[in-house]
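Going line by line, the protein sequences match chains A and B. Each residue of the first sequence is one higher than the one before, starting from 47 at the first, in this note's numbering. Each residue of the second sequence is one higher than the one before, starting from 2 at the first, in this note's numbering.
It is worth saying that the hints were derived from the structure and are not from the lab. Errors might be hidden in some of the hints.
[Stated by the list, open to error] Here are the simulated distance ranges between beta carbons:
id : chain 1 : residue 1 : chain 2 : residue 2 : range
1  : A       : Lys196    : B       : Arg74     : 34 to 44 Å
2  : A       : Ser209    : B       : Ala203    : 54 to 64 Å
3  : A       : Ala86     : B       : Gln35     : 34 to 44 Å
4  : B       : Pro288    : A       : Asp109    : 54 to 64 Å
5  : B       : Gly30     : A       : Ala86     : 47 to 57 Å
[What the hints assert, rightly or not] Just a sample of chain A residues kept apart from chain B, beta carbon distances all over 10 Å, derived:
id : residue
6  : Arg112
7  : Ala117
8  : Arg172
9  : Asn217
Beta carbons are placed, not taken as given, at the ideal position from N, Cα and C, and that holds for glycine.
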Amino acid sequence: MTHRGSSPPQTSYSAFERFFRAEYPVVVRIAFGVVGDAQAAQDVAQDVFISAFRRFPDPGDTDQARAWVRAAAAHTALNAIRGERRRDRRQRLSGIEVAPVGPEETVLDRESRAEVRRALSRLPRRSATVLVLRHNGLSYAEVAEAMNVKVGHVGTMLRRAESALRKELQNASRA
Amino acid sequence: MRHVPSPVLRRLVDEPMAVPDRDRRHLTGCDRCQAESSKVAASAAVASRLLAAPPDVAGVADVDLEWIMLQERLREPGTPGRPVVHVPRRMPRRVVTLGTGTAVAAGVVALGVGAAAALNSIYAPTHVAPVTVSPADLAAVENIAGLSGAQLSGGLPPSGSRQLAFGELSWTSAGAPRQVSSIARASALTHLAFSAPATLPAGVGPASSIAVAPQVTATVHFNASAGPTIGGSTLEVTAGPGIVVQYGSRTGSDGLTTLAIAVMARPVASSTGATASQLEAFLLSRPGLPRGLAQELRMLGSPGTTLPVPVPSGMSAQQLNIGGAPAVLITVPSGVASGVVWESRDGMVHGVGGLLNSGDVLGVARQIG
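Using the sequences provided together with the hints, build the complete structure.
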């Protein structure tokens with residue numbers, strides 16, 4: 047039996063909660079675009095918002111916090127798949143057979159997300175980030191905000207990144 | 002002639018209205034730029050196909066539940082900047098709305114929680130006990146609690162309040178029950194261990210649905226009309242979270258659920274002033290509560306340690322043991338459906354039920370218990 051003299055204090059997360067609820071779907075979507083798995087994407091989102099709370103405990107409706115979590119979603123997810131890449135390398139060095147990769151179109155037809163993740167992880171970080179943000183619903187203006195670049199520069203980054211991704215996939219198919 | 006730069010062609014794919022008119026006009030009459038535009042669009046399409054999340058991916062996540070999980074992590078010692086907060090206790094969870102085949106198990110657990118919240122006061126139950134209830138009894142309890150039967154069995158809104166004759170009932174939960182993809186995920190979300198039976202009864206197919214239900218907290222603020230003993234005090238009941246796993250039929254016919262297994266943290270309650278005995282006396286003396294039901298509940302004794310399991314009149318109830326803990330087995334008269342509820346020694350309330358005879362249900366329960 048428990049007796050208390052007063053009501054418990056209320057949590058003081060309310061300001062952050064509004065921000066979380068508004069941005070969570072966006073963050074999960076970005077993370078999924080990288081990791082390709084809903085549960086892993088949710089794990090990434092949790093980590094992103096833990097970090098976000100430390101930086102923006104009372105984020106309000108600020109562009110800065112919004113841009114930060116979106117970029118952080120891409121970076122955190124990319125870090126996660128780079129861990130996979132290290133594991134893959136370890137497997138190869140240890141002599142464990144890695145599944146062969148077919149030509150690009152075959153890869154695309156099979157929608158081999160593992161191969162896409164590997165290709166993404168080999169791209170320069172900014173290229174991978176712009177691809178993931180743009181292809182998961184952010185406008186050019188939002189991508190620019192998240193990556194702290196001018197809007198006019200997004201098209202350039204995107205074009206280069208898409209070419210680079212295509213080359214990575216082609217190289218993988220030839221390897 | 003100035004050709005359209007490649008980045009502009011790229012933006013044309015996504016945001017054509019943001020591209021200057023002169024570039025769009027040039028494109029219509031320039032074969033070279035049209036060829037380049039096709040290449041750019043093709044690369045964009047490939048990247049989009051490879052990288053875009055399915056449109057409904059965000060809908061897979063239960064934002065309410067994820068918010069609760071985030072708060073728990075923020076409260077963990079060592080998390081910088083964490084505010085001083087009240088950590089709600091695990092509490093009885095509203096049970097997921099289930100298919101027909103699981104009505105016995107789910108109904109028993111849900112009504113047990115409902116009855117506990119409304120009729121038992123400050124307590125941490127250690128065992129279950131049957132209480133026969135008629136439809137009139139249920140209606141009376143619902144009336145006193147200010148809740149409808151559909152709400153009790155089908156789930157309350159995530160939060161809300163009701164004005165009662167003696168105060169105000171309010172509740173909050175982390176949202177609606179939701180489906181998850183695996184038992185591991187359910188355990189991760191709820192921090193509950195789920196023991197799946199190694200052997201299933203004949204006719205029971207593989208798991209067809211895994212659901213988690215969030216933690217629920219119900220609070221009653223008693224007003225002056227509750228009398229000098231209770232008035233002004235607050236009763237808080239917490240329960241859950243819980244996991245419900247449903248199994249289909251061996252033939253996989255029509256999505257039929259043959260078996261359901263549920264586990265949830267036992268409900269616990271606390272009060273700001275009233276004792277368990279005082280609250281029991283008050284609640285059991287409410288106008289409209291059938292005398293027979295009040296008498297049955299009084300006869301349970303030890304109100305602070307007993308979780309009543311409502312047994313609909315007309316069904317047979319049997320008290321037995323599962324894993325050394327008291328259990329209540331309920332069977333419909335025809336014997337085609339049955340369910341068993343018990344509280345294990347670790348404070349978890351378990352329910353097993355379905356379109357199975359009592360022998361099969363007990364066989365599953367004893368594998369778990």
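Status of each hint after checking the structure:
1. A:Lys196 x B:Arg74: 34 to 44 Å: For A:Lys196 and B:Arg74 the Cβ distance comes to about 36 Å; the hint holds.
2. A:Ser209 x B:Ala203: 54 to 64 Å: Once the Cβ atoms are compared, 60 Å apart, the range 54 to 64 Å for B:Ala203 and A:Ser209 holds.
3. A:Ala86 x B:Gln35: 34 to 44 Å: Given about 41 Å between the Cβ atoms, the range holds.
4. B:Pro288 x A:Asp109: 54 to 64 Å: 58 Å, holds
5. B:Gly30 x A:Ala86: 47 to 57 Å: Between B:Gly30 and A:Ala86, where Cβ atoms are some 48 Å apart, the hint holds.
6. Arg112: 16 Å, holds
7. Ala117: The claim holds: A:Ala117 sits with its nearest Cβ about 16 Å from chain B, beyond 10 Å.
8. Arg172: 15 Å, holds
9. Asn217: 15 Å, holds
Violated hints for the displayed structure: none, as all numbered hints are satisfied.
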